[in-house]
Amino acid sequence: MTAAGSPAGSAAWGSTAAVPSIELEVVSFAYPDGTRALSDVGLRIEAGESVAIVGQNGSGKSTLVRHLNGLLRPTAGRVLLDGRDVRRIHVARLAGLVGLAFQNPDRQLFASRVSAEVAFGPRNLGIRGPELDERVQAALADTGLGAEAATNPYDLGYSRRKLLALASVLAMRTPILVLDEPTTGQDARGVARVRDVVARAAGEGRTVIAISHDMRFVAESFRRVVVMREGRVVLAGAPDVVFGEAAWPELGAAYLEPPLAAVAGARLGLGATPTESAFVTAVGRRRGGATAGGAGAE
Amino acid sequence: MSAGLVLAGASYRYAGALGAALAAVDLRLEPGRVVGVAGANESGKSTLCLVVAGLAPSVIGGRLDGSVRIDGVETAATRPHELAQRCGLLFQNASTQLSNTTATVLEEVAFGPCNLGLPAAEVVERVWWALRAVGIEPLAPRDPARLSGGQGQLVALASVLALRPSYLVLDEPTSELDPAGTRLVAEALARIAGETGAGILLVEHKTEVLAHIADDVVVLERGTVALSGPAAEVLADPRLVELGVEPPAQVRLERAVRAAGLEWSAALAEAIE
Numbered sequence: 001m002t003a004a005g006s007p008a009g010s011a012a013w014g015s016t017a018a019v020p021s022i023e024l025e026v027v028s029f030a031y032p033d034g035t036r037a038l039s040d041v042g043l044r045i046e047a048g049e050s051v052a053i054v055g056q057n058g059s060g061k062s063t064l065v066r067h068l069n070g071l072l073r074p075t076a077g078r079v080l081l082d083g084r085d086v087r088r089i090h091v092a093r094l095a096g097l098v099g100l101a102f103q104n105p106d107r108q109l110f111a112s113r114v115s116a117e118v119a120f121g122p123r124n125l126g127i128r129g130p131e132l133d134e135r136v137q138a139a140l141a142d143t144g145l146g147a148e149a150a151t152n153p154y155d156l157g158y159s160r161r162k163l164l165a166l167a168s169v170l171a172m173r174t175p176i177l178v179l180d181e182p183t184t185g186q187d188a189r190g191v192a193r194v195r196d197v198v199a200r201a202a203g204e205g206r207t208v209i210a211i212s213h214d215m216r217f218v219a220e221s222f223r224r225v226v227v228m229r230e231g232r233v234v235l236a237g238a239p240d241v242v243f244g245e246a247a248w249p250e251l252g253a254a255y256l257e258p259p260l261a262a263v264a265g266a267r268l269g270l271g272a273t274p275t276e277s278a279f280v281t282a283v284g285r286r287r288g289g290a291t292a293g294g295a296g297a298e
Numbered sequence: 001m002s003a004g005l006v007l008a009g010a011s012y013r014y015a016g017a018l019g020a021a022l023a024a025v026d027l028r029l030e031p032g033r034v035v036g037v038a039g040a041n042e043s044g045k046s047t048l049c050l051v052v053a054g055l056a057p058s059v060i061g062g063r064l065d066g067s068v069r070i071d072g073v074e075t076a077a078t079r080p081h082e083l084a085q086r087c088g089l090l091f092q093n094a095s096t097q098l099s100n101t102t103a104t105v106l107e108e109v110a111f112g113p114c115n116l117g118l119p120a121a122e123v124v125e126r127v128w129w130a131l132r133a134v135g136i137e138p139l140a141p142r143d144p145a146r147l148s149g150g151q152g153q154l155v156a157l158a159s160v161l162a163l164r165p166s167y168l169v170l171d172e173p174t175s176e177l178d179p180a181g182t183r184l185v186a187e188a189l190a191r192i193a194g195e196t197g198a199g200i201l202l203v204e205h206k207t208e209v210l211a212h213i214a215d216d217v218v219v220l221e222r223g224t225v226a227l228s229g230p231a232a233e234v235l236a237d238p239r240l241v242e243l244g245v246e247p248p249a250q251v252r253l254e255r256a257v258r259a260a261g262l263e264w265s266a267a268l269a270e271a272i273e
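Those protein sequences? They're chains A and B, same order as listed.
Take the first sequence: its letter number 6 is residue 6 in the working numbering, and every next letter is one higher.
Take the second sequence: its letter number 171 is residue 171 in the working numbering, and every next letter is one higher.
Worth flagging that the hints you see were computed from the coordinates, not collected in a lab.
Note that this is a predicted model, so its numbers are computed, not measured.
Virtual Cβ for every residue (Gly too), placed ideally from N, Cα, C.
Any given hint could turn out to be false.
Quick look at which bits of chain A chain B covers, simulated, 3 or more residues with Cβ under 8 Å [said to hold, decoys possible]:
(1) 31 to 39
(2) 86 to 99
(3) 151 to 160
(4) 206 to 219
Have a look at the derived ranges for each label pair, beta carbon to beta carbon [to be verified]:
(5) A:Q137 / B:P31: 47 to 55 Å
(6) A:T281 / B:L116: 53 to 61 Å
(7) B:R146 / A:G288: 52 to 60 Å
(8) A:L125 / B:A266: 53 to 61 Å
Please put together the full structure from these sequences, using the hints given.
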């Protein structure tokens with residue numbers, strides 16, 4: 001507390017000041033075959049926010065996040081990082097700012113050893129020697145692939161190839177981390193690993209953006225939820241708002257369903273309980289409140 | 001008498017692998033039934049799909065011991081193109097399923113039935129039936145290479161359904177689907193099993209889906225069957241968590257409330273229905 005404001009703790013990315021804000025200004029995008037994927041999307045994501053993007057299949061989620069690292073350029077509108085148009089940011093610089101783990105790992109993996117795969121990204125950022133080794137080890141440990149450094153990526157099952165794709169992006173230690181359906185195909189332990197990765201990155205002050213259909217993961221791991229429908233952002237807010245009863249019609253129109261904990265909480269009149277722990281707390285509070293009221297204590 | 005897909009003491013080892021990926025698996029899939037398969041990553045679920053569908057060993061090699069019979073016929077003694085008509089397999093990664101040779105979703109879904117040499121009218125009928133079953137008729141004119149991940153997965157599923165095999169082996173068919181798409185596919189599969197009498201083997205991490213439509217559930221652990229039985233029993237089994245399988249939300253909520261020392265009342269039970 002004496003050293004308030006000291007940047008000593010935030011080693012890898014300097015300080016949180018190095019994490020740029022993201023702003024999409026009325027972004028529209030159409031694929032070459034004419035399919036309109038984004039229509040007038042306006043979205044601002046502050047440095048260090050954790051944001052989940054949800055929506056029906058084909059609602060434009062993957063298209064949207066591919067605008068963040070310059071993989072796609074808007075047909076109209078602008079994408080700004082700290083106020084700078086990403087068109088004007090050199091691709092190599094952008095790669096160091098925004099790490100994107102693809103939905104389909106096979107579009108991303110190409111090396112013949114797991115460790116080489118993970119080293120590729122940071123090496124391209126100019127990292128060498130012990131720091132490179134340290135980053136590779138840390139990323140493999142975070143994704144539970146520590147024992148697979150020498151394995152060929154294609155000898156891993158699909159779920160672990162997905163974790164490898166995640167490790168490859170983690171090793172770049174970008175201030176902005178974008179994950180396209182990171183929990184898909186993961187078992188309970190895999191989902192827990194992904195949850196830990198998100199929590200750690202957010203705890204370090206990085207911006208974490210994830211696309212997901214797993215509403216429990218969304219409610220538990222993210223501070224803000226952005227709902228997309230037919231290429232537009234139709235709803236955005238904290239999980240207790242987006243999964244709250246008042247938002248259900250809008251969610252339903254986007255073909256989404258709140259997590260069961262939220263539904264059960266609303267049915268019981270417990271208020272907003274987007275997560276299972278919030279539900280249990282609310283049940284306990286009601287019971288406790290009833291008991292305390294009976295004893296005349298409250 | 002011999003109808004059904006039956007594994008008896010089935011063990012399988014990939015070519016060049018030291019250990020067995022499946023060991024002494026017994027499993028029975030009757031026509032019209034849905035058997036769910038759950039298990040941690042790399043517990044053998046996808047291998048089981050390859051073995052059940054007869055792709056292993058007949059196409060990919062390796063060594064199979066024990067017996068895998070489809071309606072009384074050993075898969076090891078059956079040619080791949082004959083197997084393909086009895087048992088349709090949906091791969092985990094939809095992009096490896098699509099042919100990459102067609103310009104539209106309509107043609108993609110027609111690819112299989114055309115290869116079966118069916119008359120054009122029947123191909124058309126089957127294609128629209130399959131597109132309708134998974135709710136993607138509007139995608140018919142689209143380029144399969146330019147679909148979202150979840151849309152691609154639905155196209156791959158429709159392509160398998162259009163073959164109308166007696167048995168369907170589906171390796172995580174809803175993994176990339178939104179909740180509404182997941183519900184739609186689950187209901188379509190339950191209907192297909194009920195109406196066409198197809199037997200469905202369904203690998204799923206989403207245990208809510210299994211709770212909804214599976215008759216029986218098998219849980220694999222390191223290539224062996226760790227749990228099996230009626231879906232409701234298996235999905236409420238306390239060992240599920242240590243086997244790396246997330247119990248359905250209903251089961252989790254009840255457990256969490258009880259673990260907090262609170263009573264699980266009838267009102268709570270009703271609220272999670």
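How the hints compare with the structure:
1. 31 to 39: holds (count 3)
2. 86 to 99: violated (count 0)
3. 151 to 160: n = 4 at 8 Å, threshold three: holds.
4. 206 to 219: Answer holds; 3 residues pass the 8 Å Cβ test.
5. A:Q137 / B:P31: 47 to 55 Å: Hint holds: Cβ distance 52 Å, inside 47 to 55 Å.
6. A:T281 / B:L116: 53 to 61 Å: Holds, since A:T281 and B:L116 (Cβ atoms, about 57 Å apart) stay within the stated range.
7. B:R146 / A:G288: 52 to 60 Å: 55 Å, holds
8. A:L125 / B:A266: 53 to 61 Å: Holds, since A:L125 and B:A266 (Cβ atoms, about 58 Å apart) stay within the stated range.
Figure legend: structure checked against the earlier numbered hints; the only hint not met is number 2.
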